[in-house]
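**Q** Work out the full structure, taking the sequences as your base and the hints as a guide.
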Amino acid sequence: MSDAIAAHAGSHGTHAHHNDLQHHFDSLEQQHEAATLGMWLFLITEVLFFGGLFLAYTLYRVWYPVAWAEASRELDIVLGAFNTAVLIGSSLTMAFAVRAAQTGKQRATVVWILLTMALGLVFLIVKYFEYKEKFEHHHVPGPNFAFEGPQAGPAQIYFSLYFLMTGLHATHMIIGFVIMAVIAWMAHKKRFTPEWYTPVEISGLYWHFVDIVWIFLFPLLYLVDRAGHFA
Amino acid sequence: MAGHISPKSTYYAVFAALMVGTAITVAVAFVNLGSFNFPVAIGIAITKATLVILFFMHAKYSSRLTKLFVGTAFFFLVVLLGLSLTDYLSRGLKTYPGGAAGAGYGVRTEAPAAEPRSAGAAAEH
Numbered sequence: 008m009s010d011a012i013a014a015h016a017g018s019h020g021t022h023a024h025h026n027d028l029q030h031h032f033d034s035l036e037q038q039h040e041a042a043t044l045g046m047w048l049f050l051i052t053e054v055l056f057f058g059g060l061f062l063a064y065t066l067y068r069v070w071y072p073v074a075w076a077e078a079s080r081e082l083d084i085v086l087g088a089f090n091t092a093v094l095i096g097s098s099l100t101m102a103f104a105v106r107a108a109q110t111g112k113q114r115a116t117v118v119w120i121l122l123t124m125a126l127g128l129v130f131l132i133v134k135y136f137e138y139k140e141k142f143e144h145h146h147v148p149g150p151n152f153a154f155e156g157p158q159a160g161p162a163q164i165y166f167s168l169y170f171l172m173t174g175l176h177a178t179h180m181i182i183g184f185v186i187m188a189v190i191a192w193m194a195h196k197k198r199f200t201p202e203w204y205t206p207v208e209i210s211g212l213y214w215h216f217v218d219i220v221w222i223f224l225f226p227l228l229y230l231v232d233r234a235g236h237f238a
Numbered sequence: 191m192a193g194h195i196s197p198k199s200t201y202y203a204v205f206a207a208l209m210v211g212t213a214i215t216v217a218v219a220f221v222n223l224g225s226f227n228f229p230v231a232i233g234i235a236i237t238k239a240t241l242v243i244l245f246f247m248h249a250k251y252s253s254r255l256t257k258l259f260v261g262t263a264f265f266f267l268v269v270l271l272g273l274s275l276t277d278y279l280s281r282g283l284k285t286y287p288g289g290a291a292g293a294g295y296g297v298r299t300e301a302p303a304a305e306p307r308s309a310g311a312a313a314e315h
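Top line first, the protein sequences correspond to chains A and B. Just so we're on the same page, our numbering is the position in the first sequence counted from 1, plus 7. Just so we're on the same page, our numbering is the position in the second sequence counted from 1, plus 190.
Just so you know, not all the hints are guaranteed correct.
Below 25 Å or equal to it, Euclidean Cα-Cα: the simulated SDA-like pairs (lysine to any residue) are [what the hints assert, rightly or not]:
no.	chain 1	residue 1	chain 2	residue 2
1	A	K112	B	L255
2	A	K112	B	P197
3	A	K141	A	L128
4	B	K250	A	E53
5	A	K134	A	Y213
6	B	K257	A	L48
7	B	K250	B	A206
8	B	K257	A	S34
9	B	K198	A	Y213
10	A	K134	A	S34
11	A	K134	A	E81
12	A	K139	A	V129
13	B	K198	A	G59
14	A	K141	A	W70
15	B	K250	B	A239
16	B	K198	A	H31
17	B	K257	A	G45
18	B	K250	A	F223
19	A	K197	B	K257
20	A	K139	A	R80
21	A	K134	B	G211
22	A	K141	A	H31
23	B	K250	A	L44
24	B	K257	A	F223
25	B	K257	A	G59
26	A	K141	A	S34
27	B	K250	A	Y67
28	B	K257	A	V129
29	B	K198	A	P201
30	B	K250	A	L48
31	A	K197	A	Q113
32	A	K139	A	W70
33	B	K257	A	L228
34	B	K198	B	T262
35	B	K257	A	H179
36	A	K134	A	K197
37	A	K134	A	I181
38	B	K257	A	H31
Everything labelled a hint here was simulated from the structure, so no lab data went into it. Everything numeric in this text was worked out from a predicted model, so none of it was measured.
**A** This is how it looks when you write it as structure tokens:
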């Protein structure tokens with residue numbers, strides 16, 4: 008890149024502009040920094056978006072600890088743990104995709120992103136079967152909701168939050184899947200170089216953020232009281 | 191421009207730490223620590239999230255401005271959770287020793303009795 012910048016350092020007349028350098032930036036470094044900051048700014052709003060749900064979760068859990076314990080035991084801990092491992096694995100493949108882009112390995116970038124997408128798909132398929140089971144057991148809030156015992160009321164609040172939080176997370180996964188498809192296509196078209204791979208980097212930031220949300224959702228939803236403290 | 195390129199070994203190490211963290215959080219959930227189960231689970235989750243942010247999201251190698259942005263996210267999250275919880279969770283507290291309770295007293299101690307509608311739905315089932 009230093010060559011491209013050196014050529015640019017002169018007048019703005021005839022010059023060897025780096026193809027991917029937008030005119031309003033001085034350098035590719037500055038452009039990359041601006042994009043990264045913009046993505047983090049978006050992620051701040053995302054943290055607060057999910058934060059409101061985490062706040063509601065915390066309050067109702069403090070108010071209805073027994074309902075939380077009982078309702079949480081209805082979730083499949085094996086599927087939850089499996090999906091956690093799948094998402095962590097997808098974060099690893101995403102990190103390798105960015106690394107491949109940084110080192111100019113376009114084919115490797117495509118392969119790592121396709122692997123990331125495959126793991127994301129596995130997560131969503133597992134989630135589908137978990138939701139299906141909830142419908143079969145009448146654990147979906149609404150007129151058909153049913154829950155044994157006196158905790159039925161607050162248990163319905165638990166499942167409302169369960170569907171809101173995992174549903175919002177799954178929506179982010181689907182959006183991430185589409186973004187990854189675009190990035191894979193761009194990498195396939197050899198759009199990235201070690202000098203310019205910003206889309207891979209900031210899509211990676213998004214993907215890792217979605218992983219982090221699940222890192223919190225798993226213990227909060229699946230592991231409320233497995234030790235039987237409230238049993 | 192390529193910025194910091196982490197060795198593959200770093201990513202494998204972070205991945206291993208995250209998997210171990212997941213295993214620990216599942217295992218410890220089955221141990222009755224009383225009211226400590228929740229803080230332990232949250233502590234492990236925060237540790238895992240920190241690893242992802244520092245290494246996978248390259249925050250460790252970012253500019254100071256980017257690091258400031260990352261910190262801002264958590265500052266506002268703490269404001270959101272902290273200020274809201276100090277309100278809600280202190281509503282049952284008495285305003286002075288032996289005195290009357292503040293507004294909303296009893297919110298925390300209300301028995302979550304079966305709600306007629308839900309009980310009916312359960313009976314139907």
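**Q** Each hint: holds or not?
**A** Now the hints, each set against the structure:
1. A/K112 - B/L255: Violated, at about 29 Å.
2. A/K112 - B/P197: Within the cut-off at roughly 15 Å; holds.
3. A/K141 - A/L128: 20 Å, holds
4. B/K250 - A/E53: Given pair B/K250, A/E53 holds - Cα atoms ~21 Å apart, limit 25 Å.
5. A/K134 - A/Y213: 20 Å, holds
6. B/K257 - A/L48: 11 Å, holds
7. B/K250 - B/A206: 19 Å, holds
8. B/K257 - A/S34: 21 Å, holds
9. B/K198 - A/Y213: Within the cut-off at roughly 21 Å; holds.
10. A/K134 - A/S34: 44 Å, violated
11. A/K134 - A/E81: 15 Å, holds
12. A/K139 - A/V129: Cα-Cα ~15 Å, so holds.
13. B/K198 - A/G59: 36 Å, violated
14. A/K141 - A/W70: Judged against 25 Å, a Cα distance of about 24 Å means the pair holds.
15. B/K250 - B/A239: Given that 25 Å is the threshold and the Cα spacing comes to 13 Å, the pair holds.
16. B/K198 - A/H31: 35 Å, violated
17. B/K257 - A/G45: 13 Å, holds
18. B/K250 - A/F223: Status holds; Cα separation ~21 Å.
19. A/K197 - B/K257: 31 Å, violated
20. A/K139 - A/R80: Measuring from Cα to Cα gives roughly 17 Å; hence the hint holds.
21. A/K134 - B/G211: Between A/K134 and B/G211 the Cα gap is close to 22 Å, so the pair holds against 25 Å.
22. A/K141 - A/H31: It is violated: about 52 Å lies between the C-alpha atoms, which goes past 25 Å.
23. B/K250 - A/L44: Since the Cα atoms of B/K250 and A/L44 sit roughly 14 Å apart, the hinted pair holds (cutoff 25 Å).
24. B/K257 - A/F223: 22 Å, holds
25. B/K257 - A/G59: With Cα atoms ~23 Å apart, B/K257 and A/G59 stay inside 25 Å; holds.
26. A/K141 - A/S34: The hint is violated at about 53 Å.
27. B/K250 - A/Y67: Violated: B/K250 and A/Y67 sit about 36 Å apart, past 25 Å.
28. B/K257 - A/V129: Given pair B/K257, A/V129 is violated - Cα atoms ~33 Å apart, limit 25 Å.
29. B/K198 - A/P201: Distance ~17 Å between B/K198 and A/P201 Cα, so the pair holds.
30. B/K250 - A/L48: 17 Å, holds
31. A/K197 - A/Q113: It holds: about 6 Å lies between the C-alpha atoms, which stays within 25 Å.
32. A/K139 - A/W70: Violated, at roughly 29 Å.
33. B/K257 - A/L228: 30 Å, violated
34. B/K198 - B/T262: 29 Å, violated
35. B/K257 - A/H179: Distance ~24 Å between B/K257 and A/H179 Cα, so the pair holds.
36. A/K134 - A/K197: 34 Å, violated
37. A/K134 - A/I181: Measuring from Cα to Cα gives roughly 12 Å; hence the hint holds.
38. B/K257 - A/H31: Roughly 24 Å between the alpha carbons, so the hint for B/K257 and A/H31 holds.
Violated hints for the displayed structure, listed by number in ascending order: 1, 10, 13, 16, 19, 22, 26, 27, 28, 32, 33, 34 and 36.
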